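Listed here are the chains, written in short residue letters.
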Amino acid sequence: MDVGPVASAGRPRILTPGRSAIGGLILALLLLPLVGGQYAQYVAIQVLILSLFALGFNILFGYTGLLSFGQAGFYAVGAYGCAKLLLLKPSLLFGVIGGTLLAGAAALVLGVLCIRHTRIYFSMLTLAFGMMIFSMALKWRDFTGGDDGLVGIPRAPLEIPGLVSVSMASMGRYYYFVLVVSLLAIGIAYRLVHSPLGLTFQGILDSEGRMAFTGVSVRAYRLIAFVIAGLYAGLAGALLPALENTVTPPVAHWTTSADPVLATLLGGIQAFAGPIVGAFLFFMIKDIIVRFTEYWLIWLGIIVVVLVMGFRGGVVSLATARWRALRPGREGT
Amino acid sequence: METLAFQGVVGLSMAMYLWLISAGLTIIFGVLGVINFAHGSLFMLGAYLAFTFYGLLGWNFWLAILLSLAGTAVVGWVMERFFLRYLYGVDEAYQLLLTFGFVLIMDDAVKMIWGGVFRIPDIPTFLEGHWPVFGRPFPVYNAFIIAAGIVVGIVLWLGFERTWWGRTVRATASDREMANAIGVNVPRVFSGVFMLGAMLAALGGALGTPVRVVSPGLGAAMIIQAFVITVIGGLGNLKGAFVGSLIVGVLSAYGTLLFPVFELALIYLIMAVVLLVRPQGLFAR
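Protein chains in written order, with my numbering: chain W, 1 to 333; chain Z, 1 to 285.
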């Protein structure tokens, strides 16, 4: 007998297990600088950056079914764009927002061309454009600094003219900046994915033909997904220059495009939190393995192979399946 | 004028390495429908094995090449038989990801076993020296590479068009189920084709050992070039891969001479344009 509805009908539950877990996590992230040192903050920033990068990638791959191998191109546009702007005018928001928008613009232009294809041809096309951006970063010396990249990028203060000006010199402050920006961006992505827009993406993934019959322009929605992915890649890249004080061509290389792919695969493609969990695992695996051996990529490769062979849902869907199995079913009791 | 003509011949020898690696990639895609990211790593493995047998141990040049082909074929067989075989039914994105996992494993495994970059071993004595070409000395070894590429092309063409084995493979490529129904052992054909592809990659790597530096980054660099070529020629089109190799090889030889700044970008631009205008490749029937 189903007693579920009666049990939950009493009053709306504000503190669900899921929500309290997220609240706890955010609290832990806020407190991190108090417990962790410079290095912990540095790694945490990198996890957040990869989370954003992978989150955007997954809106394209997990929700729309397009596997892009050129996301590093937009990541690099964000990074180089932000670096150039910071060198021009040392204002953090100016650089980050500018870099993100530049990447979005690049994604719009290239997206119009890329979404003409799907499946392997789409992957190859994004790879080609991504590597074109890489070649420009490497060879266009006057603008990008070539091999050496752009150096001496200031970690500019957070300025809103007439309102505030906060120095970002310490790692802790920059960490809080990245954290706030990331939480905002993750929140926006969550709203997007659970809006009619996100449902349309999934509809296209499930049945392209039927969505087209209902009058949905499949191409237009693919382009929207592509631009969103480009914006998130650009934002992730734009957070990089102020952290490292330098930007070099490898950020644009196709092997960098693989990072969000791996993070998403680790965490789980079908779950919203998958890429974020995956980004965390990516750096944990790296951090743990490099303590024992410098060859951590071989272990990452083995993990990838095992995941692809046996656990294509990733860690998050594995965990939720466990959780459901452990919890007594409502109909059982 | 002579410089231009000479550079063309240099490009031709470059094109032959590219042809060997893209031929393997093309055959595997044409028959199995898998884009093999690890193909560049197989090329690298072939180079390292040949280097070990020939450069370090000082064995016979031909024997070293044969052993490197055999070793790489075994690795290819393991990849297909125990991993890829179980993924033919799922989304092709996962096949891509699996082969990318192999890239990570092989790149690091090569670093673990062989360490960093090596010196280049000597060219075998019978391939030493230069021939005058367009008034300039042209290394005999490069001529040997060009000949090897052409021989491989002819052997592949004869093998696919004129033998029973080739017909079986072509039948499997065009319709798996039907081939299965008339008694072709499809899984065995797939394994065989994957090993053939791996050996072609290894041959490219092994032949390059005496003239180019073998380093762990080799795989990632080669696979991208091979992708460009297979896309220009049409995915799964062997003849297209040959012409595509010539285009990319000769173009990058002239590109480094005439417009060094945009040479790299130009190749990717061509790849993108072909994908947009003629996704079936320039040489599709």
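These are calculated hints, taken from the structure and not from any lab test. Small disclaimer: the values here were computed from a predicted structure and weren't measured. Among the hints, erroneous ones may be present.
Said to hold, decoys possible - Okay, the calculated bits of chain Z under chain W, using three or more residues with CB under 8 angstroms as the criterion:
id, segment
1, 81-88
2, 94-104
3, 215-229
4, 268-274
Stated by the list, open to error - What follows is a set of in silico ranges between Cβ atoms, one per label pair, in the way DEER data are often shown:
id, chain 1, residue 1, chain 2, residue 2, range
5, W, Pro196, Z, Gly8, 54 to 62 angstroms
6, Z, Val151, W, Val112, 42 to 50 angstroms
7, Z, Ala284, W, Val290, 42 to 50 angstroms
8, Z, Ala5, W, Thr255, 51 to 59 angstroms
9, W, Trp140, Z, Ala221, 18 to 26 angstroms
10, W, Val290, Z, Arg167, 46 to 54 angstroms
11, W, Gly162, Z, Phe259, 24 to 32 angstroms
12, W, Gln202, Z, Val155, 44 to 52 angstroms
13, Z, Val155, W, Val151, 46 to 54 angstroms
14, W, Trp140, Z, Thr3, 20 to 28 angstroms
Even for Gly, the Cβ is constructed at its ideal location relative to N, Cα and C.
To see whether the hints hold, each was checked on the structure:
no., hint, in the structure
1, 81-88, "holds (count 3)"
2, 94-104, "holds (count 9)"
3, 215-229, "holds (count 4)"
4, 268-274, "holds (count 4)"
5, W:Pro196 with Z:Gly8: 54 to 62 angstroms, "58 angstroms, holds"
6, Z:Val151 with W:Val112: 42 to 50 angstroms, "45 angstroms, holds"
7, Z:Ala284 with W:Val290: 42 to 50 angstroms, "47 angstroms, holds"
8, Z:Ala5 with W:Thr255: 51 to 59 angstroms, "37 angstroms, violated"
9, W:Trp140 with Z:Ala221: 18 to 26 angstroms, "20 angstroms, holds"
10, W:Val290 with Z:Arg167: 46 to 54 angstroms, "52 angstroms, holds"
11, W:Gly162 with Z:Phe259: 24 to 32 angstroms, "49 angstroms, violated"
12, W:Gln202 with Z:Val155: 44 to 52 angstroms, "49 angstroms, holds"
13, Z:Val155 with W:Val151: 46 to 54 angstroms, "52 angstroms, holds"
14, W:Trp140 with Z:Thr3: 20 to 28 angstroms, "26 angstroms, holds"
Against the hints set out earlier in the document, violations occur for numbers 8, 11.
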